[in-house]
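> Starting from the known structure of chain A, arrange chain B on it as the hints suggest.
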Amino acid sequence: MSTTTAQAIQIYQVFIRATPEAIWEAITKPEFTEKYFYGARIENTPQGHRALGPDGSVWGDSPTFEFDPPRRLVHGWQSLYDSDLAEEEPSRVSWEIEPQDGGYCKLTVTHDQLEGSPKTAESVSGAGWMMVLSGLKTLLETGQPLAD
Amino acid sequence: MTDDDRVFRALADPTRRHLLDRLFARDGRTLTELESELEMTRFGVMKHLRLLEDAGLVVTQRSGREKLHYLNPVPIRLIHDRWIDKYTEHRVSALAELKSELEETA
Chain A
1 MSTTTAQAIQ
11 IYQVFIRATP
21 EAIWEAITKP
31 EFTEKYFYGA
41 RIENTPQGHR
51 ALGPDGSVWG
61 DSPTFEFDPP
71 RRLVHGWQSL
81 YDSDLAEEEP
91 SRVSWEIEPQ
101 DGGYCKLTVT
111 HDQLEGSPKT
121 AESVSGAGWM
131 MVLSGLKTLL
141 ETGQPLAD
Chain B
1 MTDDDRVFRA
11 LADPTRRHLL
21 DRLFARDGRT
31 LTELESELEM
41 TRFGVMKHLR
51 LLEDAGLVVT
61 QRSGREKLHY
71 LNPVPIRLIH
81 DRWIDKYTEH
91 RVSALAELKS
101 ELEETA
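Chains as they are written, first to last, in this note's numbering: chain A, 1 to 148; chain B, 1 to 106.
By construction, these hints were calculated from the structure, which means they are not laboratory data.
Remember, it's a predicted structure, so these values are computed and weren't measured experimentally.
Accuracy of the hints is not assured; some may be wrong.
Claimed, not checked - Quick list of in silico lysine-lysine cross-link-like pairs, DSS-like style, CA-CA up to 30 angstroms:
(1) A:K119 <-> B:K99
(2) A:K35 <-> B:K86
(3) A:K106 <-> A:K29
(4) B:K99 <-> B:K86
(5) A:K119 <-> B:K67
(6) B:K47 <-> B:K67
(7) A:K119 <-> A:K106
(8) A:K35 <-> A:K119
(9) A:K29 <-> A:K119
(10) B:K67 <-> A:K35
(11) A:K106 <-> B:K99
(12) A:K106 <-> A:K35
As the list claims (entries may be wrong) - Which stretches of chain B does chain A cover? Using the computed rule of at least three CB atoms under 8 angstroms from a CB of chain A, they are:
(13) 10–22
(14) 28–36
(15) 39–49
Glycine residues also receive a C-beta, built at the ideal position from the N, C-alpha and C atoms.
Isolated chain A, as found in the complex:
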């Protein structure tokens, strides 16, 4: 996906051996996100999506569109961590948690409405979301952050 034409809709999916509640906590609370989301402290509430970088700078500050624990979270996205990307149009990120057999949940992350932000699309594709989701899975299943 990290070709010259990064997609306006990107879908990432991972199976995680954890409860929907544990996954919900891990994606909405800063003490969890800093362990797998490039060190960012992210807080998702019904009021909004706010992300701070490890140095305390604002990485994201967007509205929340849906907040339905522990099933579905939809929020805006603007890559404020990079001045080039920050100038682009806002896009949208949806998290969907679906319980499966055997103590697993299917987590689907859809990053869409990227038509007006090609550089952001390029930057989050490839390793971007993939690293976040593999790190989240490792954290929830082993209690340890993914080694660098």
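Frame of chain A, contents of chain B only:
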């Protein structure tokens, strides 16, 4: 069959790797679009897509009457973390040890 087994099995076929490459170049494609690039029956392509979907490498989404296919690279990343990192890390640390040993004796 574990998740890893499904991914390795899905990747062990040239047609399925070709489908993944097509989706890597541009995803959100319909079966008809994917089928037009392959010398294979619609049923055959459907069967391959089904296996890729079971392995989690392809995710589908409905858009009106159409079913769109998206590449999901996460399982490949997990295979990488599990199988590639483990061995290359060892090799890198062996080289690092060799380097420090040689530099100490020099």
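> Going straight from one Cα to the other, do A:K106 and A:K29 come out at no more than 30 angstroms?
This hinted pair holds, its Cα atoms lying about 19 angstroms apart.
> Need the status of pair B:K67, A:K35: alpha-carbon distance at most 30 angstroms?
violated, 36 angstroms
> Measure nothing beyond the straight line between the CA atoms of B:K99 and B:K86; if it is 30 angstroms or shorter, mark the hint as holding.
holds, 20 angstroms
> Take a quick look at whether B:K47 and B:K67 sit within 30 angstroms of each other, Cα to Cα.
Within the cut-off at roughly 15 angstroms; holds.
> What's the verdict on A:K29 and A:K119, does the C-alpha distance respect the 30 angstroms limit or exceed it?
holds, 27 angstroms
> Check the hint pairing A:K119 with A:K106 against an upper bound of 30 angstroms on the C-alpha distance.
holds, 28 angstroms
> Just to be careful, I want the Cα atoms of A:K106 and A:K35 compared with a cutoff of 30 angstroms; is the pair within it?
Distance of about 20 angstroms is within 30 angstroms: holds.
> The stretch 39–49 of chain B covered by chain A? Criterion: 3 or more residues, Cβ-Cβ distance below 8 angstroms.
This one is violated; 0 residues, fewer than the three required, reach chain A with a Cβ under 8 angstroms.
> Can you confirm whether the C-alpha distance between A:K35 and A:K119 stays at or below 30 angstroms?
Cα-Cα ~26 angstroms, so holds.
> Do three or more residues of the stretch 28–36 of chain B come closer than 8 angstroms to chain A, measuring C-beta to C-beta?
Result for this restraint: violated, n = 1.
> Given the hint that A:K106 pairs with B:K99, does the C-alpha gap stay at or below 30 angstroms?
violated, 45 angstroms
> CA of A:K119 to CA of B:K67, is that 30 angstroms or under?
holds, 27 angstroms
The structure fails hints 1, 10, 11, 13, 14, 15 (numbered hints given earlier, in ascending order).
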